[in-house]
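Chain by chain, the residues:
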Amino acid sequence: MAYELDGATIEADEEGYITDLGAWTPELAGLIAKDENIEMDDERWEVVNFLRDYYEEYQIAPAVRVLIKAVKKSMGKEKGNNKYLYTLFPYGPAKQACKIAGLPKPTGCV
Amino acid sequence: MSILHTISKSPFQNQSLSSCVAHASSGDAILMIEDAVYGAVSGTAAAAQLAEGENISIYALGPDLSARGLGEAKLAEGINIVDYDGFVELAVEYDKTQSWL
Amino acid sequence: MNDMPEDGGGVVKKFLYVNRKAPYGTIYAQESLEVVLIGAAFEQDVSLAFLDDGVFQLVKGQNTDDIGVKNFSPTYRALGDFEVTKLFVEKESLAERGLTEDDLMEIMYEDEDDDWEEKPSITFVNKSELAAIMADQDVILSF
Numbered sequence: 001m002a003y004e005l006d007g008a009t010i011e012a013d014e015e016g017y018i019t020d021l022g023a024w025t026p027e028l029a030g031l032i033a034k035d036e037n038i039e040m041d042d043e044r045w046e047v048v049n050f051l052r053d054y055y056e057e058y059q060i061a062p063a064v065r066v067l068i069k070a071v072k073k074s075m076g077k078e079k080g081n082n083k084y085l086y087t088l089f090p091y092g093p094a095k096q097a098c099k100i101a102g103l104p105k106p107t108g109c110v
Numbered sequence: 001m002s003i004l005h006t007i008s009k010s011p012f013q014n015q016s017l018s019s020c021v022a023h024a025s026s027g028d029a030i031l032m033i034e035d036a037v038y039g040a041v042s043g044t045a046a047a048a049q050l051a052e053g054e055n056i057s058i059y060a061l062g063p064d065l066s067a068r069g070l071g072e073a074k075l076a077e078g079i080n081i082v083d084y085d086g087f088v089e090l091a092v093e094y095d096k097t098q099s100w101l
Numbered sequence: 001m002n003d004m005p006e007d008g009g010g011v012v013k014k015f016l017y018v019n020r021k022a023p024y025g026t027i028y029a030q031e032s033l034e035v036v037l038i039g040a041a042f043e044q045d046v047s048l049a050f051l052d053d054g055v056f057q058l059v060k061g062q063n064t065d066d067i068g069v070k071n072f073s074p075t076y077r078a079l080g081d082f083e084v085t086k087l088f089v090e091k092e093s094l095a096e097r098g099l100t101e102d103d104l105m106e107i108m109y110e111d112e113d114d115d116w117e118e119k120p121s122i123t124f125v126n127k128s129e130l131a132a133i134m135a136d137q138d139v140i141l142s143f
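Chains as they are written, first to last, in this note's numbering: chain A, 1 to 110; chain B, 1 to 101; chain C, 1 to 143.
Isolated chain A, as found in the complex (with noise of 0.2 Å):
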C-alpha cells in the first residue's frame, strides 16, 4: 500500500509501516494516525517522539518496558503503566505508535 500526502505518493508495506523511513514528517504521521483511527494530541506525540529519538540512537524500536518507564519519567507515575499507552494505541502502544513513528514493525513485541 502508499500514503498520498500533498499529491506525493509515500511507499508503505502490506501493513502500513512506510518502507522509507527518510520519507516520515509529522505530516504523515497525522495522516497514517487518520487511517488508524487515531486523533493525534499532545500525549501521543510525547509517546511518537520518544520512538523516533530512541529509534535514531540504537536503531530498533524500545521494549514496551523501556516505553513504559519513559512515559513515566515524562508524564507522570499514574500514566507509565501499560494500560495507559494502550488506552492512546489501542491496538497496541508498540505497533500502531511505530506506525505512526514511521518506525519499521517491531520485532517480538506488542
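No wet-lab data here; the hints were simulated from the structure. Do not take every clue at face value.
Simulated restraints, written as ranges between beta carbons of each label pair [said to hold, decoys possible]:
(1) C:I38 x B:D95: 43 to 51 Å
(2) B:D83 x C:I27: 44 to 52 Å
(3) C:V69 x A:T9: 21 to 29 Å
No farther apart than 25 Å at their CA atoms in a straight line, the calculated lysine to any residue pairs in the SDA-like style are these [as the list claims (entries may be wrong)]:
(4) A:K73 x A:I38
(5) B:K96 x C:G39
(6) C:K70 x A:L21
(7) B:K96 x C:L141
(8) A:K95 x C:Q30
(9) A:K69 x C:K86
(10) C:K119 x A:L21
All C-beta atoms in this analysis are idealised placements derived from N, C-alpha and C, irrespective of residue type, glycine included.
On the provided structure of chain A, position chains B and C as indicated by the hints.
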C-alpha cells in the same frame, strides 16, 4: 555440563576447529561432519590440534568420510567413526550441543 | 527440552549466544542480534559471547553509509533495555586482531537491583574462562 561440539567446515578454510579445540573442556566430545572431516586425516595440522585435547573424545561422521574418499586408513589415530545413528546417540549422551559454524 | 517453562512457568534456563563472525560480510551477526532481542521476551538467563571475528561486531565508530546496509552496531547499546546485560568478550581474540578494550563500544545497563546504577555490560574474559562459561550453560546457540 558436557558439550558435544560439532564442526562442519574444513579446517583449511576457517579456524572453527582450532577455536573449538581451544574452548572444549575435559569430558566434552568433538564431532566432525561435512567438510570438517578433512581435519581427521593423519598428518594434518588439524589432526595434531585435535590430539592435544585432554580427555576429549573425537569423532568423524562416516558417510561424510566415505563421500570424500577418506578411508579409515587415512585417519589420524584416536578418531572414532560414527554413522548417523551414532550422531544421534552422541547428541543424546551429552548435555548440550554447540555447533561451530 | 521437556522442562521448558510452561505459560508463566518458573524454569529459567541459561542461554548463551556465541558470536564468531564479523558484522557485515555475512548475515550471522545481525541475525544473532535479532534472535537475542526476540528471545529476550522469554525472560531467560541470557549471556552473549564474542570471540574470533565476533569481536569485530562491537568495534566503535562503525559507519555503513556507503555500503548500503544498516549499521546495527548502535543496537548493542540497547540490549540492557531488554535485560540482556552479560556480554563476554574474549581477550585473546581481541589481541590477535590488534584490538584493545578501548576499541570497543561502551555498553552499559541500568541495574534495577542497585538503584538503577549504570554498569558496564561487557566483561573481558580469557579463553579458559570462556570455556567454563560455555560449560555452565543449558543451551548454546551459535552464530
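These are the hints, each one checked on the structure:
1. C:I38 x B:D95: 43 to 51 Å: 25 Å, violated
2. B:D83 x C:I27: 44 to 52 Å: 33 Å, violated
3. C:V69 x A:T9: 21 to 29 Å: With a Cβ separation near 26 Å, V69 (chain C) and T9 (chain A) satisfy 21 to 29 Å, so the hint holds.
4. A:K73 x A:I38: 24 Å, holds
5. B:K96 x C:G39: Holds. K96 (chain B) to G39 (chain C) sits at ~19 Å (cutoff 25 Å).
6. C:K70 x A:L21: 12 Å, holds
7. B:K96 x C:L141: This hinted pair holds, its Cα atoms lying about 10 Å apart.
8. A:K95 x C:Q30: 22 Å, holds
9. A:K69 x C:K86: 22 Å, holds
10. C:K119 x A:L21: 32 Å, violated
The structure shown violates the earlier hints numbered 1, 2 and 10.
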